[in-house]
Amino acid sequence: MLLSLKNISKTYPGVKALAGVDFDLAKGEVHALVGENGAGKSTLMRILAGAETRDEGEIFLEGTRVEIPSPLKAQELGISMIFQEFNLIPYLSVAENIFLGRPPVKGLFKLVDWKTMRARARYLLEQLRIELEVTDAIENLSVAQQQMIAIARALSLRSRILIMDEPSATLTQFELENLFTLIRRLKGQGLGIVYISHRLEEVFRIADRVTVLRDAQRIGSHLISQINRHILIREMVGRELTEEYPYQCREKGPTVLIVQNLTSGTKLTDISFTLYRNEILGLTGLVGAGKTELARAIFGDLPRERGEIIFNGKRVTIRSPAEAIRLGIGLVPEDRKRQGLLLGMKVRENISLADLYQLTRLGIINLVQERSEARKYIDYLKIKTPSTEQLIKNLSGGTQQKVALAKWLFTRCRLLILDEPTRGIDIGGKIEIYHLLNGLVDQGIGIIMISSELPEILGMCDRILVMSRGRLAGELSHDEATQEQIMYYAAGRGLN
1 MLLSLKNISK TYPGVKALAG VDFDLAKGEV HALVGENGAG KSTLMRILAG
51 AETRDEGEIF LEGTRVEIPS PLKAQELGIS MIFQEFNLIP YLSVAENIFL
101 GRPPVKGLFK LVDWKTMRAR ARYLLEQLRI ELEVTDAIEN LSVAQQQMIA
151 IARALSLRSR ILIMDEPSAT LTQFELENLF TLIRRLKGQG LGIVYISHRL
201 EEVFRIADRV TVLRDAQRIG SHLISQINRH ILIREMVGRE LTEEYPYQCR
251 EKGPTVLIVQ NLTSGTKLTD ISFTLYRNEI LGLTGLVGAG KTELARAIFG
301 DLPRERGEII FNGKRVTIRS PAEAIRLGIG LVPEDRKRQG LLLGMKVREN
351 ISLADLYQLT RLGIINLVQE RSEARKYIDY LKIKTPSTEQ LIKNLSGGTQ
401 QKVALAKWLF TRCRLLILDE PTRGIDIGGK IEIYHLLNGL VDQGIGIIMI
451 SSELPEILGM CDRILVMSRG RLAGELSHDE ATQEQIMYYA AGRGLN
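Under the numbering used here, the first residue of the sequence shown is numbered 1, with each subsequent residue one higher.
These aren't lab readings, by the way, just hints derived from the structure by calculation.
One or more of the hints may lead you astray.
Here are the simulated distance ranges between beta carbons [what the hints assert, rightly or not]:
#1 485 x 62: 44 to 54 Å
#2 87 x 453: 18 to 28 Å
#3 443 x 62: 52 to 62 Å
#4 484 x 65: 48 to 58 Å
#5 60 x 122: 35 to 45 Å
Here are the simulated lysine-lysine pairs, DSBU-like style, with alpha carbons at most 35 Å apart [what the hints assert, rightly or not]:
#6 314 x 252
#7 73 x 346
#8 115 x 73
#9 337 x 73
#10 27 x 187
These figures come from a predicted structure and were not determined experimentally.
Even glycine gets a Cβ: it sits at the ideal position worked out from N, Cα and C.
Turn these sequences into a full structure, and let the hints steer you where they fit.
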């Protein structure tokens with residue numbers, strides 16, 4: 001066996017992250033690691049990668065017991081981890097990022113040997129069949145291309161174990177196929193690959209084995225050929241889930257939002273649509289189609305050249321997010337960690353952040369009222385946190401997303417735009433959020449749900465708008481929509 005983790009335990013203040021977990025990995029194997037947010041998946045792998053220290057347990061590489069006190073030691077042992085947030089320097093080149101911290105040098109003064117570094121980087125990219133120039137700046141690459149560079153960097157370290165934490169979270173279907181092709185190639189070269197994902201369809205496609213963690217414990221390990229989706233979900237959540245997408249058909253109500261001919265430079269062109277009360281309006285398309293830009297334009301975060309917005313029957317001009325908030329519009333952004341929340345602040349502070357005016361008298365925040373309001377939304381959304389004073393950065397991704405949602409519910413918004421609301425969230429957390437959205441619609445809140453996950457869009461939305469190259473390419477009802485029709489429009493074939 002290439003790797004064996006025995007009885008690994010880890011405790012944080014007030015939280016048992018891992019309790020006697022075992023895990024192993026063979027050469028040339030893809031071993032999927034699944035479980036709900038907070039189950040301990042990333043903690044276990046961060047211990048293996050030297051980014052966290054374990055309280056108890058042992059680590060064996062090819063039968064030899066090892067200590068991994070730091071990421072540097074992990075690299076020396078041939079262990080590399082590609083985190084959800086890539087550790088790349090945006091303003092440096094592809095070659096510089098691949099050999100960051102260990103460039104080839106020459107001469108008495110140990111100057112960087114740029115020619116050798118670029119040649120080695122070029123050779124590595126050719127071996128991985130990655131078509132990029134080694135002089136390209138990372139900031140000019142797509143997320144998928146950046147991920148390939150992170151993999152190239154890991155392999156340049158002569159890694160024998162590659163850990164991939166949610167590698168598909170921001171990839172299109174085409175980019176995902178390229179990633180799977182690369183993983184199969186690496187597997188054929190004898191690498192052991194740990195694949196962490198919430199997307200179970202990927203697990204069944206790419207993995208040889210799967211291990212389930214729940215509540216910091218190992219529930220079981222299975223050959224992928226000997227388990228089905230239903231059993232895997234039951235082990236992950238500890239209960240039967242009979243309905244993955246709790247769609248509710250409702251009678252269409254009055255208009256909430258009318259957008260007419262909205263245009264913003266080359267990003268958006270003549271966008272027109274209507275959102276009705278009592279419906280969830282889906283918005284989808286390929287990466288770069290303009291979905292997020294449309295959300296930002298409605299929210300006043302992206303200037304528009306022309307077009308009109310009619311909200312609750314009134315023509316409005318929204319020049320900033322502050323004006324959108326005053327009107328009753330909320331936006332849960334795609335990147336909750338950088339744009340939706342302040343990770344160094346408390347749950348209480350994040351919930352009240354978008355509307356402190358409710359809590360302020362004579363310039364002073366009423367902390368008693370703030371805690372009371374925070375507890376109300378914690379109870380309503382079933383937010384798993386020890387208290388209102390817990391730091392956001394210590395919560396799981398699904399719990400963070402609920403706090404981001406609570407922030408806008410606190411503002412009493414009447415229109416809520418959610419950009420990739422379930423990205424990086426486990427299946428149990430997704431279903432909770434779907435039920436919450438149904439509840440908000442029943443309360444009269446207009447919902448626009450932006451998602452690149454087609455099963456989610458098909459399963460939850462009353463109508464679906466498909467974008468391509470900054471324009472609306474098609475509209476489908478819940479009953480007539482299929483993945484094939486959505487991809488037809490997403491490819492731009494519905495445009496004149």
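Here is what the structure says about each hint:
1. 485 x 62: 44 to 54 Å: Since the Cβ atoms of residue 485 and residue 62 sit about 51 Å apart, the hinted range of 44 to 54 Å holds.
2. 87 x 453: 18 to 28 Å: For residue 453 against residue 87, whose Cβ atoms are near 26 Å apart, the range 18 to 28 Å holds.
3. 443 x 62: 52 to 62 Å: Given about 58 Å between the Cβ atoms, the range holds.
4. 484 x 65: 48 to 58 Å: Since residue 484 and residue 65 have Cβ atoms about 53 Å apart, the given range 48 to 58 Å holds.
5. 60 x 122: 35 to 45 Å: 37 Å, holds
6. 314 x 252: 20 Å, holds
7. 73 x 346: Holds: residue 73 and residue 346 sit about 34 Å apart, inside 35 Å.
8. 115 x 73: Holds, at about 28 Å.
9. 337 x 73: 29 Å, holds
10. 27 x 187: Holds, because 8 Å separates the two Cα atoms, which is no more than 35 Å.
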